[in-house]
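Chemist: The lines below spell out each chain.
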Amino acid sequence: MNPLGVAGGVLQAVVIVGGAPLVVGLMRQIRARLEGRAGAGVAQPWRDLRKQLRKQPASPRGTSEIYRSAPVLLVATTLVVAVVAPFVTTASALPAVADLFVVVALLALGTVMIALAGIDTGTAFGGMGASREVTILALVEPTVLVAIFALSVRAGSTNLSAIVGSVLDDPARLVSPASLLAAVALVVVIVAETGRLPVDNPATHLELTMVHEAMVLEYAGPDLALVELGSAMRLSVYLGLLANLFVPWGVATGPGVAALAVGVAAFAVKVTLLAAALALAEVFLAKLRLFRVPELLAGSFLLALLSVTTAYVLV
Amino acid sequence: MNPVEFGLAAAVAVGLAGTVAALLVPRPARPGVTGACVAVAGALGLTAGIAAVTGVTWSVHLPAVLPLAGVDLAVDGLSGVFLAVAGAVAVAAGIYGIGYARHGLDGRAVQAAFPMFVLSLLLVPAAGGVGTFGLCWELMALSSLILVLAEHRRRPAVASAGLWYAVMTHLGFVAILVGLLVAAGPADGGSFAAIRAAAPGLPPAVAGLAFMACLVGFGSKAGIVPLHAWLPRAHPEAPSHVSALMSAAMVNLGVYGVVRVGIDLLGGGPRWWWLLTLAVGAVSAVYGILQAVVAGDLKRLLGHSTTENMGLVLVGVGACGLFTVDGEAVLAALALTAALLHVIGHAAFKTLLFLSAGSVLHATGTRDLDALGGLRARMPATTAAFGLGALAASALPPGTAFVSEWLLLQSLVHGLPAAGVVASIVLPLGVAAVALTAGLAVATFVKAFGVGFLARPRGSGAAGARESPPTMLAGMALAAAACVGLAIAPMLVLPALAQVAGTLTRTGPPVSGAVTIELDGVAGAMSPVLLAAALVAGCVVVVVLVRVSAARPARRETRLWDCGGGPLTERMQYTATSFAEPLQRVFDNVLQPVQDIEVTHHRESQYLVEAVAYRRRVPDRIERRLYEPVLAAVAAWGRAGRRLATGSVHLYLGFGFAVLCGAFVMLVVTR
Amino acid sequence: MGIEMSGLTVQLLDIAAGALLLTAVLVVWRRELSVILRVFALQGVALAGLVAVLASAQRSVELGLVALGLLVLRGVVLPLLVRRSLAGAGPVRRETTPMLNVAASLLAAAALTLLALAVSVPLVALDPSPATRAVPVAVAVVLIGLMVMVTRRHAVSQVVGFLLMDNGITAVAFLTTAGIGLLVEAGIALDVLLVAGVLHVLTGRIRETFGDTDLSALRELHD
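Quick note, the sequences are listed as chains A, B and C, same order. For the first sequence, the numbering used here assigns the number 1 to the initial residue and increments by one for each residue that follows. For the second sequence, the numbering used here assigns the number 1 to the initial residue and increments by one for each residue that follows. For the third sequence, the numbering used here assigns the number 1 to the initial residue and increments by one for each residue that follows.
No lab work stands behind these hints: they were computed from the structure. Where a beta carbon is used, it is the ideal one built from N, C-alpha and C, also for glycine. Check the hints yourself; a few may be wrong.
What the hints assert, rightly or not - Listed next, with one range per pair, are the computed distances between beta-carbon atoms:
no., chain 1, residue 1, chain 2, residue 2, range
1, C, Met99, B, Val594, 22 to 28 Å
2, A, Ser69, B, Gly104, 35 to 41 Å
3, C, Thr97, B, Ala514, 57 to 63 Å
4, C, Ala111, A, Leu168, 32 to 38 Å
5, A, Glu65, B, Ala636, 58 to 64 Å
6, B, Ser578, C, Met99, 26 to 32 Å
7, A, Leu285, B, Ala636, 37 to 43 Å
8, B, Ala632, A, Ala124, 41 to 47 Å
Said to hold, decoys possible - To give a feel for the contact side, a few chain C residues facing chain B, derived at Cβ under 8 Å:
no., residue
9, Ala104
10, Leu114
11, Leu117
12, Val121
Bound-form chain A, shown alone:
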């Protein structure tokens, strides 16, 4: 635990908590403009959060503490990841937690808590959303872990800082087929895990198509604010991981205010660009039927597996 890591960790948490709603706002704004609407502005998610936080907390009758604690855990797991993963600096506040397997499992824990909360409400919507979300989670897992495997072959470790560091040391490896395949596989994973098109439509409230929204339908007030903030943070964290695993330039490797400032700026630019690209792509995509999603995930699994074998073959 070194001072740079701690400073970077706090900085990362602040940047992600502050910036994540803006990223969501940006994506909505891009979509609105492309669809010919004026849009509500980039800061609208923050205004929504402020409004939600001021309301009185409410629990539906018959729900237990699982329902009440799930939003907190969703944000907390993402917050831990935001602190330990190398977004702004490669020095981690807690190197022993900055393992890629651990980070992925932590994010899954948040999903599971929300799914349990969905079941806990006892409504058909809650159960339906939980069932679908957990199905997608289970099918994504092989892709994630095999992609991690592919990335770790290069670095000889699954530690995030080590992987990012190895790319910085040898940038030529980045354009290898192994790394490109892993990147494509991870993009599919991120789309599935953050509930974006074509796996889930974050803007829909139609029972045929809802996944994430169905689970959190009962939430209101500050709880809803936490759920929305948590989802936004997850998106930023995933995009940040993708960016820094494959394009780590700009991340601070040594101490110094200037290096940290460059790190923050680079991180913000990378995540903004990725989010914009994602929003752009979403305009042209329709949501897949739920039972077509396994095909998408099987495809990304294949890419991840190919990435491992090509990492071995084409070395």
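Please arrange chains B and C on chain A, whose structure you already have, making use of the hints.
Modeler: Only chains B and C this time, still in chain A's reference frame:
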């Protein structure tokens, strides 16, 4: 006096005393006495095991106890691990059994078999020779069979489960005996030390035969696909504390056998042994959890999950053997450490889960998840216990299985750079299998916990549930404490396990560190304590921030959103079947469920539907394909044999006469 | 083959090989026949790129010409030909119900790639060089092409499967020998063109006779 010797001897004495007491003591006091004896014997076994794991070895040869072979006992580190696990599970199960046995389980035979079963669980890993091992194994099989059959008067399914269990466990026993005897052929006597000494001289084909026979026999005990058919039958039908003992302590001994024979006695062996082990492990893990995710019976679900976890352990064992063949001793030790830690973790959470499932069964009278729900308000302690166990079982941090699966993945991931072509194909597939298993395990336990315990009751049994008596809760609390301890501070047991694994693979311990698990020889570190602390800190930060920024802190109770159509009924909730439906549909080709939808139309009009009946069954496909032809063949043989027995005494005498004459003719011809 | 390659060349070669495999996977993944054809054209370009990289590594003009020919033939002519037969192939524009569902065929493609990797080990061991190391990828493309032919119902996707296989074989040839002459390649190209023509005619005939190009309908001829 040697602590191992003392612990084992005292455990045997207490266990035998418990059996005798169960036969003599009157009915009302019987569960208390046997439960206490079992718990004490378990605790003694636990201390003996811990002493053995920390390096105390003990062996003895008692020629007088058994005719011909005598009794060989030999306890080393590996035995110690399984001894300690069996002892610890017995403590929790013994205490729990005191309260659980009041429901018609206080008969003499059942109560006497209970200490015997625990005793045999302690003695199997301590056995040091083929004869002793076989004897203890058979004692274990018989005493557990009596316990499985305990409730046969109440449910007809118990008898069928018992029959399956009896047949499969004895076929497995035959395979094990064949394997051990083949291995012991050239050895000087039947003790394990003699087999170990003679193993390098075994021809490869003979060693392969011995290993294969042992893998089949031990695999059937561990519930490995395709020899798992007994497990989802026997586990749900046995009383819950017996299920816990069987699932958390007995199936482990299958793994113990594979490690003992394959790695220790036969000293490694060729690559295909371990590829086979890894493959059956991976298949069992995925198939087991797939069956669990669609299972609607709570205890059956847990039984399938046992198959899954033993599969994961065998993946670790197979990887260990593979790395040993490739000369990667450090990775081999790491894989074995992961496997042993998973054995311990599985024992802890499976004990907890089975005991809580028993508590639910006890309170609601049903194991059907579709009829449960709403137990959070009615049985808070049981709900907490099951939730903890579910977290531990689903490989999420901070959970018990997460640590061992992390270690297993680390060993697989680090194997690639050094590996040959075969390994470079096997290792990614192994990682994928472990990952899919982990993902489906999450789905399984979200279903079991969410549908079984949260929301509102779906049946009258669940609606009228009451919390279980304190002795049962005490047993569950012990198992819960073990789960928490293993999840937060695995470094309490890991160094000792690493030492055992290092000794077996002839290298140093692969893991070190106090707060952080540091891998030695490869890059990798993870700290469950810091992870848990970070999570807690994160939660505190979030809660404080919300409190600070929120305007009105008092919580209000509201109505569920019902689309304006009046209050929602319990029948409108998602059930376990509907929860698993998407996954069932995704894995349709593998599971091949049988579905049946019956629509009854209204009398007045064809367009009005009166009722829709939906029935779904997921028959075990492997079972249908593999067992039914065998059973049919056996039945056909039986029918053919019946023709020989017409009832005529003259015919029977004639058979004897013909055989005698035939034997004489053979003698004349061959001499 | 003992040609020194710079780091950049090796990377370009790897990327071309990766693209070859990726396009094969996409053919398995997608259902719309027009998308499949576009992907197939991309694969032709990747193949040409692969040969071009080899040509630049060996400084061989002949090989460069071959690359150009491949680009024209595999990247433009063949896809156009097949597209024309698709245009006349009836109303079905999608591979609706393949014999093996898409998710399963993707997993099968993964298994085939691993098989290709295992099979071509001795081949790579003969002469370890950056070019031969990409041989497993080409073999995988051959196997995937074969699988597409076996599991798809639509005649056009079967043609694509055949052409996929042919692309794979060509890639293997160039990666292992790097020296098959211009004439041989021209002969192969003609051959393939001929086959494509024959298949084109055949799909037309099938459609005229059955009003459809679902090949599983052919089984009825047997009954």
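Chemist: Among the hints numbered above, which are violated by the structure, and what are their numbers in rising order?
Modeler: The structure breaks only hint 7.
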